[in-house]
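Peer 1: Construct the complete structure from the given sequences, taking the supplied hints into account.
Protein chains in written order, with our numbering: chain A, 371 to 479; chain B, 26 to 139.
Please note that a few of the clues may not be correct.
[As the list claims (entries may be wrong)] No farther apart than 35 Å at their CA atoms in a straight line, the calculated lysine-lysine pairs in the DSBU-like style are these: (1) K385(A) to K39(B); (2) K385(A) to K443(A); (3) K39(B) to K471(A); (4) K427(A) to K39(B); (5) K474(A) to K443(A); (6) K39(B) to K474(A); (7) K474(A) to K385(A); (8) K443(A) to K39(B).
FYI, nobody ran anything at the bench for these hints, they're computed from the structure.
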Amino acid sequence: AQRVTQPEKLLSVFKGAPVELKCNYSYSGSPELFWYVQYSRQRLQLLLRHISRESIKGFTADLNKGETSFHLKKPFAQEEDSAMYYCALGEGGSEKLVFGKGTKLTVNP
Amino acid sequence: NAGVTQTPKFQVLKTGQSMTLQCAQDMNHEYMSWYRQDPGMGLRLIHYSVGAGITDQGEVPNGYNVSRSTTEDFPLRLLSAAPSQTSVYFCASSRSGEAVNEQFFGPGTRLTVL
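Peer 2: In structure tokens form, the structure reads like this:
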């Protein structure tokens, strides 16, 4: 069965420090992976997806099939990055997403 | 475009009452889904639909019904509310295609069952 694990419920860093939000997945097929973000009092929205291989708001994520990971990284965290981050796995052949339990990132001044 | 809209924003029910959470999208998306968000549990899929007239169960379907009579609307019905259904409910929609597409989320409905 498909599964997404985000081992950290809470992550706290200082402004300007590097940040890494971990995501591991379990899937027998070819995975499609996403990071969604929910800022305070805003809707859940797509941050980035692995097939686009782009940097959004300074965040990057690389799919490592050997380690079945899709960690989200940013070299210098900003206070506005404070939010709830969800890693999600797409099931091949459908639009269904399996979400991890989320990591709440707090960037302190 | 309004995107994905949900009503109501807040609702308080008594155990045993029924109600319908409304969801609509104006992007002509084929795929629509309902999730519940609980602390420490992330988002869990309740029901989903790949087009008008087609629905299927997700991970946590018990106690909920859905229907999809039009492309735009995807209401979620609570048949007999229970305290365990206290949660924040999100509706989402996306295009359908060969790759998994970006899902667009509504603002959520915060439901409390007493």
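Peer 1: Against this structure, judge whether each hint is valid.
Peer 2: Here is what the structure says about each hint:
Our distance criterion of 35 Å between C-alpha atoms is broken by K385(A) and K39(B), whose separation comes to about 45 Å. For the given pair, K385(A) sits about 14 Å from K443(A) by alpha-carbon distance, which is consistent with the 35 Å threshold. The suggested pairing of K39(B) with K471(A) holds, with an alpha-carbon distance near 28 Å, which does not exceed 35 Å. Straight-line distance between C-alpha atoms of K427(A) and K39(B) comes to about 43 Å, which puts the hinted pair past the 35 Å bound.
Distance hint between K474(A) and K443(A) is fulfilled; the C-alpha atoms sit about 14 Å from each other, no more than 35 Å. Restraint check for K39(B) and K474(A): satisfied, since their Cα atoms lie roughly 31 Å apart, inside the 35 Å limit. Of the pairs offered as hints, the one joining K474(A) and K385(A) holds, with about 15 Å between alpha carbons and a cut-off of 35 Å not exceeded. Only pairs whose Cα atoms come within 35 Å are accepted, and K443(A) paired with K39(B) is rejected, the gap being roughly 44 Å.
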